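Given next are the chains, with one letter for each unit.
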Amino acid sequence: METTTIMETTAPVAEEIVLLAEDAVAEVEAISEVAETRDYWTPEGLKESAPIMGKGMLGIFIVMGIVIGCVSLLNNVSGPKKKKEKKQ
Amino acid sequence: MGFITGIATDIFGNLQFIDPKQVIMWIIGGLLIFLAIKKEMEPTLLLPMGFGAILVNLPIPPVAEGEAATGVRGVIDFLFEIGIDSHELFPLILFIGIGAMIDFEPVLTNPKLMIFGAAAQFGIFFTLCLSSVFGFELKDAASIAIIGAADGPTSIFVANMLNSNYTAAIMVAAYSYMALVPIVQPPIIKLCTTKKERLIRMNYTGKKVSKLTKILFPIVVTIIVGMVAPDATALIGFLMFGNLIRECGVLNSLSETAQNVLANLITIFLGFTIASKMVAEDFLKLDTILIMILGLVAFIVDTFGGIMIAKIMNLFSKNKINPMIGAAGISAFPMSARVVHKMGLAEDNQNFLLMHSIGVNVSGQVASVIAGGLILTLVGGALAQ
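Chains as they are written, first to last, in my numbering: chain A, 3 to 90; chain B, 40 to 424.
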């Protein structure tokens, strides 16, 4: 009877300790993963970065092209009129 | 005797907590101050950064670490939190000042010059690929690559938005290389061009630009960039707002304040704040050296990209372009334009390339912001997948 009572009382505590231990192990594993020295040569990284390079350069040229078009338009619309200049 | 020992322990007890790494950081801080004062390399930023690097690397006894968080480090961390970390406030406000300083007239008279600004951002994307090959995570690779924008506020903005682990090293590299433009660019320009190409003369027509164009330019650019690269809206918006203040003609007092007082005030805090990330244990890593090398590569490839597009355009154009002006497309304003102008004069003392190179240089400023926005959009999209 006494043994059963002791078991009933200690079981939840033991479970809690096990859970805490599992958490601690998981935390240590996570820390060691971060602390692990990273790989200094990963050519496969290009798979991800090369498309960004292509899209990025294309994007810059397109945006700058639009800006060039707008500035040229502004210059033509608001610039001094050529006819008047010729007359002068 | 015991009394004297007690006093000595009280006063010098902190010496036992000195870490050799901290001493190395003092030396690095001292070097930055030396470069700022003796060599006049970006003194407005390198000096506060150097002093801040010493300040944040003073030894703190383990018991007092909690208290120290409310001391010097606490203040600098607070500045970082409100000035950079929360909403990138400092770089953005600095951009108002930079916008007010820039005269876009040379590029408005010859809008084609903007192509060089675009091409000279190649170093950013090349370095992104190179960094990813060297094992950096995509967000860190993109943050390192943006050193090639040759623009401090853009580098800070992008690195912080991407939550990079290497913000301090990126800042130091970005500002150091901006200061080193007169040393880095000339050998690359000479290597990529022939003597004949360097002698090409370019006429400057000096067409007049209407006030309306000057006023509409910042508004139109903000709308275009904001639509294409929404992540760059804040950067381009603040830059162009500063320029609008300059060009509107009715806010001269605000324009002067933005160019001088505001820009200076923010610069003081910015350098000091960046130093908060120069703590020995975070800064003294092999990765920091690698970042410095990759930053240099970004500057070199930027220069190469600008020159090459000029050479390609020369194949199709009647009026030949001096390829050296392409090198001014990196946005290190106005150092890069001056470098090109001086090199032109060195080859031919009647060859004045200043207005062309200034035009390319300011277009590089706009292009670098667009590149920053595109990096945020594209990398953000890739990370979300």
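It is worth saying that the hints were derived from the structure and are not from the lab. Here the structure is a predicted model, which is why all the values come from computation and not from measurement. For each residue, glycine too, the CB sits at the ideal point set by N, CA and C. Possibly wrong hints are sitting among the right ones.
Heads up, simulated DSS-like pairs for lysine-lysine below, C-alpha to C-alpha not over 30 Å straight-line [claimed, not checked]:
#1 Lys350(B) to Lys324(B)
#2 Lys57(A) to Lys246(B)
#3 Lys381(B) to Lys49(A)
#4 Lys57(A) to Lys178(B)
#5 Lys359(B) to Lys234(B)
#6 Lys60(B) to Lys78(B)
#7 Lys359(B) to Lys229(B)
#8 Lys229(B) to Lys324(B)
#9 Lys324(B) to Lys247(B)
#10 Lys247(B) to Lys57(A)
#11 Lys178(B) to Lys49(A)
#12 Lys357(B) to Lys246(B)
#13 Lys381(B) to Lys78(B)
Going by beta-carbon spacing under 10 Å, a handful of chain B positions derived as facing chain A [to be verified]:
#14 Ala181
#15 Val264
#16 Val418
Against the structure, the hints come out as follows:
For the hint pairing Lys350(B) with Lys324(B), the CA-to-CA distance comes to about 40 Å; that exceeds 30 Å, so the pair is violated. Our distance criterion of 30 Å between C-alpha atoms is broken by Lys57(A) and Lys246(B), whose separation comes to about 35 Å. A threshold of 30 Å between alpha carbons decides the hint, and for Lys381(B) with Lys49(A) the separation of about 41 Å lies outside it, so the pair is violated. For the suggested pair Lys57(A) and Lys178(B), the alpha carbons sit about 17 Å apart, so the restraint of at most 30 Å is met.
Using a Cα cut-off of 30 Å, the hinted pair Lys359(B) and Lys234(B) holds, with the two alpha carbons roughly 14 Å apart. At most 30 Å may separate the alpha-carbon atoms for a hinted pair to count; Lys60(B) and Lys78(B) meet this at roughly 26 Å. Straight-line distance between C-alpha atoms of Lys359(B) and Lys229(B) comes to about 18 Å, which keeps the hinted pair within the 30 Å bound. Restraint check for Lys229(B) and Lys324(B): the C-alpha separation of about 34 Å exceeds 30 Å, so the hint is violated.
Our distance criterion of 30 Å between C-alpha atoms is broken by Lys324(B) and Lys247(B), whose separation comes to about 53 Å. For the hint pairing Lys247(B) with Lys57(A), the CA-to-CA distance comes to about 36 Å; that exceeds 30 Å, so the pair is violated. For the suggested pair Lys178(B) and Lys49(A), the alpha carbons sit about 15 Å apart, so the restraint of at most 30 Å is met. Proximity of Lys357(B) to Lys246(B) is assessed by CA-CA distance (about 20 Å); at most 30 Å being required, the pair is judged to hold.
Of the supplied pair hints, the one linking Lys381(B) and Lys78(B) holds, its CA atoms being roughly 19 Å apart against a limit of 30 Å. With a least beta-carbon distance of about 8 Å to chain A, the hint placing Ala181(B) at the interface is held under the 10 Å criterion. The interface hint given for Val264(B) holds, since its Cβ lies 6 Å from the closest Cβ of chain A, which is under the 10 Å cut-off. Below 10 Å, beta-carbon pairs count as interface contacts, and Val418(B) has one with chain A at about 6 Å; its hint therefore holds.
In the structure shown, a violation is registered for the earlier hints numbered 1, 2, 3, 8, 9 and 10, in ascending order.
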